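Asker: So the chains spell out like this:
Protein chains: 2
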Amino acid sequence: MILDWKKLAQKIYDELKIKIEKLNKKPTLVAILVGNNPASLTYIKQKRKFAEYVWMNFELIHYEGNIEEEIVLAKIEELNNNSNISWYIVQLPLSEHIDSQKIIDRIDPKKDVDGFTKENIGKLFLKEENWLLSCTPKWIKRLLDEYNINLKWKNVTIIGKSNIVGKPLSLLFINHSATVTVCDIFTQDISEHTLKSDIVISAAWVPHLIKENMIKKWTILIDVGYNIVDGKMVGDIDFPNLEKDNYITPVPGWVWPLTVAMLIENTYLAHIQVWNE
Amino acid sequence: MILDWKKLAQKIYDELKIKIEKLNKKPTLVAILVGNNPASLTYIKQKRKFAEYVWMNFELIHYEGNIEEEIVLAKIEELNNNSNISWYIVQLPLSEHIDSQKIIDRIDPKKDVDGFTKENIGKLFLKEENWLLSCTPKWIKRLLDEYNINLKWKNVTIIGKSNIVGKPLSLLFINHSATVTVCDIFTQDISEHTLKSDIVISAAWVPHLIKENMIKKWTILIDVGYNIVDGKMVGDIDFPNLEKDNYITPVPGWVWPLTVAMLIENTYLAHIQVWNE
Numbered sequence: 001m002i003l004d005w006k007k008l009a010q011k012i013y014d015e016l017k018i019k020i021e022k023l024n025k026k027p028t029l030v031a032i033l034v035g036n037n038p039a040s041l042t043y044i045k046q047k048r049k050f051a052e053y054v055w056m057n058f059e060l061i062h063y064e065g066n067i068e069e070e071i072v073l074a075k076i077e078e079l080n081n082n083s084n085i086s087w088y089i090v091q092l093p094l095s096e097h098i099d100s101q102k103i104i105d106r107i108d109p110k111k112d113v114d115g116f117t118k119e120n121i122g123k124l125f126l127k128e129e130n131w132l133l134s135c136t137p138k139w140i141k142r143l144l145d146e147y148n149i150n151l152k153w154k155n156v157t158i159i160g161k162s163n164i165v166g167k168p169l170s171l172l173f174i175n176h177s178a179t180v181t182v183c184d185i186f187t188q189d190i191s192e193h194t195l196k197s198d199i200v201i202s203a204a205w206v207p208h209l210i211k212e213n214m215i216k217k218w219t220i221l222i223d224v225g226y227n228i229v230d231g232k233m234v235g236d237i238d239f240p241n242l243e244k245d246n247y248i249t250p251v252p253g254w255v256w257p258l259t260v261a262m263l264i265e266n267t268y269l270a271h272i273q274v275w276n277e
Numbered sequence: 278m279i280l281d282w283k284k285l286a287q288k289i290y291d292e293l294k295i296k297i298e299k300l301n302k303k304p305t306l307v308a309i310l311v312g313n314n315p316a317s318l319t320y321i322k323q324k325r326k327f328a329e330y331v332w333m334n335f336e337l338i339h340y341e342g343n344i345e346e347e348i349v350l351a352k353i354e355e356l357n358n359n360s361n362i363s364w365y366i367v368q369l370p371l372s373e374h375i376d377s378q379k380i381i382d383r384i385d386p387k388k389d390v391d392g393f394t395k396e397n398i399g400k401l402f403l404k405e406e407n408w409l410l411s412c413t414p415k416w417i418k419r420l421l422d423e424y425n426i427n428l429k430w431k432n433v434t435i436i437g438k439s440n441i442v443g444k445p446l447s448l449l450f451i452n453h454s455a456t457v458t459v460c461d462i463f464t465q466d467i468s469e470h471t472l473k474s475d476i477v478i479s480a481a482w483v484p485h486l487i488k489e490n491m492i493k494k495w496t497i498l499i500d501v502g503y504n505i506v507d508g509k510m511v512g513d514i515d516f517p518n519l520e521k522d523n524y525i526t527p528v529p530g531w532v533w534p535l536t537v538a539m540l541i542e543n544t545y546l547a548h549i550q551v552w553n554e
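These protein sequence lines map, in sequence, to chains A and B. Going left to right, the first sequence walks through residues 1 to 277 as our numbering numbers them. Going left to right, the second sequence walks through residues 278 to 554 as our numbering numbers them.
Hints listed in this document are in silico derivations from the structure and should not be mistaken for laboratory results. Note that the coordinates shown come from a computational prediction; the quantities given were computed from them, not determined experimentally. Note that beta-carbon positions come from the ideal geometry of N, C-alpha and C, so glycine has one too. Take the hints with a grain of salt, since some may be wrong.
[Said to hold, decoys possible] Just the calculated beta-carbon pair ranges, DEER-fashion:
no.: 1; chain 1: A; residue 1: Asn227; chain 2: B; residue 2: Lys299; range: 54 to 64 Å
no.: 2; chain 1: B; residue 1: Glu373; chain 2: A; residue 2: Tyr53; range: 27 to 37 Å
no.: 3; chain 1: B; residue 1: Asn490; chain 2: A; residue 2: Asn148; range: 55 to 65 Å
no.: 4; chain 1: B; residue 1: Tyr424; chain 2: A; residue 2: Asn82; range: 22 to 32 Å
no.: 5; chain 1: B; residue 1: Ile338; chain 2: A; residue 2: Glu77; range: 34 to 44 Å
no.: 6; chain 1: B; residue 1: Lys296; chain 2: A; residue 2: Leu60; range: 25 to 35 Å
no.: 7; chain 1: A; residue 1: Asn81; chain 2: B; residue 2: Lys296; range: 37 to 47 Å
[As the list claims (entries may be wrong)] Keeping only pairs whose Cα atoms sit at most 20 Å apart, straight-line, the calculated PhoX-like set for lysine-lysine is:
no.: 8; chain 1: A; residue 1: Lys196; chain 2: B; residue 2: Lys296
no.: 9; chain 1: B; residue 1: Lys284; chain 2: B; residue 2: Lys296
no.: 10; chain 1: A; residue 1: Lys102; chain 2: B; residue 2: Lys387
no.: 11; chain 1: B; residue 1: Lys296; chain 2: A; residue 2: Lys123
no.: 12; chain 1: B; residue 1: Lys493; chain 2: A; residue 2: Lys123
[As the list claims (entries may be wrong)] Some chain A residues close to chain B (C-beta under 10 Å, calculated; not the full set):
no.: 13; residue: Ile121
no.: 14; residue: Tyr147
no.: 15; residue: Leu151
no.: 16; residue: Thr187
no.: 17; residue: Lys211
no.: 18; residue: Tyr247
no.: 19; residue: Trp256
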């Protein structure tokens, strides 16, 4: 059975559209982009498209790849101090000569709609959930909620330990009473964990890492992987062989829009909080 | 085989003693205590004892249990602004009428030698490890280091999800390449996780939760539990029956001093950083 994230994303957009139409002041999403990384350009295009779809404004600050770190830092400072800008995002990755963490550390946590600052990671850890929860963990939880899947009493395996997927997701699920196992490249045998799991989430970016013999029937499978094999998009989960007897998200194509939907929703939630609408 | 934390704590103190003797300015550890919780009083007594043992100064700010929250907050503000105080701790738990998180949120992260502030939790998450790493996760890692136990390729089960043990420990171990499973009261069957683990750490505070039939031979067992049964201290791990064929920490008595040793070490590390000694 397919876990239909496309449908969920559409539902979120349509609900937001109605809510935003009623606002006196339209929310604006500001994004900083450095360079021309193709994935980043696609992402930014999606963000603009869906922001505009729900009648938000979208402003892009686009720097050349060789921009000096100091100039980006000065812009961050300016955005922090500009009371008309209530939130903004910095599209990752930045160029290699720029220290991404240094940039993120300078974002005012109250304006950090991506939830990447230490302050907002701390809030996630302490279960002070709000509109600053980062987008990938947020949509995964939301997708499960949509299908009334409670995390309590569930064994969950998360594969991958990145700062924007695996680690924040594990904290979110730990806080919601799941029994969480987090695997990485140094895990001796991933299948000994996945075989006893009710939910498996892969964000390892390894094509078809999760195969039929690694899971029991009717596992909930969420694929955050995104791999190009012979010019074709392929997930971490062997969708063709696992589609039949499991609850599964389809092969790539909709990870990004659902992440974007959460960002747009975060921006809306931040807006009504900041402007008391 | 016993994992001798008593010996390790003594070693840490003796090394610190030599280092602190050479300092021009003696470090001072300042602690805020509210009320007369017996466990807190014991803890504070230990902190004073070992601070003084390594020739540090110890200052206690002791309020009555019914103190107003505002007064504690004002003291925090004063300590933050006092350039002679480089760090301090707030002994938990506070009285019930005081919002502990509100108090912790006001501590200047640079002075937060317990590592409880959101900023310092964020640093732990991002593997920016420093002297602000909170004390219980820190000693567990240190004890494993002492016995040359590498976390890479290891299955680890952590039982308990508190903000000061289970959750920060899981982040620390995730960052050090362990495959980490975090269980709580909603875990269907703890033994299915512990039976395939190389390391089991219990911080559930349930007497003898971990029994012989729940682990394989020669598991590394670390007991952070502390329970009183019939007036006697008992750990989470059934020590009498598990002592023989495992690597195991002894029944309570030395959890506290090792936690205290880490606090004293953090204070020393903070001192040399702040005062450039």
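Asker: Taking the hints in turn, state whether each one holds.
Answerer: So, going through the hints one by one against the coordinates:
no. : hint                               : in the structure
1   : A/Asn227 with B/Lys299: 54 to 64 Å : 55 Å, holds
2   : B/Glu373 with A/Tyr53: 27 to 37 Å  : 49 Å, violated
3   : B/Asn490 with A/Asn148: 55 to 65 Å : 35 Å, violated
4   : B/Tyr424 with A/Asn82: 22 to 32 Å  : 54 Å, violated
5   : B/Ile338 with A/Glu77: 34 to 44 Å  : 37 Å, holds
6   : B/Lys296 with A/Leu60: 25 to 35 Å  : 53 Å, violated
7   : A/Asn81 with B/Lys296: 37 to 47 Å  : 43 Å, holds
8   : A/Lys196 with B/Lys296             : 50 Å, violated
9   : B/Lys284 with B/Lys296             : 19 Å, holds
10  : A/Lys102 with B/Lys387             : 17 Å, holds
11  : B/Lys296 with A/Lys123             : 37 Å, violated
12  : B/Lys493 with A/Lys123             : 37 Å, violated
13  : Ile121                             : 4 Å, holds
14  : Tyr147                             : 19 Å, violated
15  : Leu151                             : 8 Å, holds
16  : Thr187                             : 4 Å, holds
17  : Lys211                             : 19 Å, violated
18  : Tyr247                             : 19 Å, violated
19  : Trp256                             : 24 Å, violated
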